[in-house]
Amino acid sequence: ENVMALGYPLVQIQGQALKASFGHVNALSGVKDDPRFLQIDVPVQPGNSGGPLVNEKGDLVGVVTATLDQIVTLKETGVLPQNVNYAVKLQNMRNILTGLPVTRGGNKPLNFKRLVEEYGGSVFLVVAR
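Counting in the working numbering, the sequence shown runs from 324 upward without gaps.
Some hints could be false.
Said to hold, decoys possible - Mimicking DSS-like on lysine-lysine, the simulated pairs with C-alpha atoms at most 27 Å apart in a straight line are:
1) Lys380 to Lys436
2) Lys436 to Lys398
3) Lys355 to Lys412
4) Lys436 to Lys412
5) Lys355 to Lys398
Hints were generated in silico from the structure; no laboratory data involved.
Given the sequences, and given the hints that come with them, work out the whole structure.
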């Protein structure tokens with residue numbers, strides 16, 4: 324499934340404008356087959372965590388949470404992973420999201436440009452100091 328993530332990656336370098344990253348769901352489980360997560364190849368950086376993962380229909384399918392640690396993986400396997408990232412599945416977020424709309428209300432795919440415009444106003448930069 325094609326998906327996009329919205330967030331504010333590496334704001335100290337990339338600035339404070341909202342960024343959209345695009346990719347696919349690669350697996351319906353996370354590290355060590357953890358069923359709470361989706362594996363995605365959407366490029367994410369610090370600052371994407373907590374951002375929405377949205378499919379082509381505009382449905383929220385998850386929340387970006389992590390990337391596979393490249394250094395740990397390199398030390399354990401001798402291989403440097405590329406674009407192995409994770410999002411917690413929507414069904415594991417239902418209690419937190421109670422009362423919030425999680426679907427657009429349509430089945431017709433929209434283009435991602437339109438979805439960025441539609442969802443962009445609901446994603447905010449939070450900086451903790």
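Hints and how they fare:
| no. | hint | in the structure |
| --- | --- | --- |
| 1 | Lys380 to Lys436 | 12 Å, holds |
| 2 | Lys436 to Lys398 | 39 Å, violated |
| 3 | Lys355 to Lys412 | 16 Å, holds |
| 4 | Lys436 to Lys412 | 23 Å, holds |
| 5 | Lys355 to Lys398 | 17 Å, holds |
This entry does not satisfy hint 2, going by the numbered hints stated previously; all others are met.
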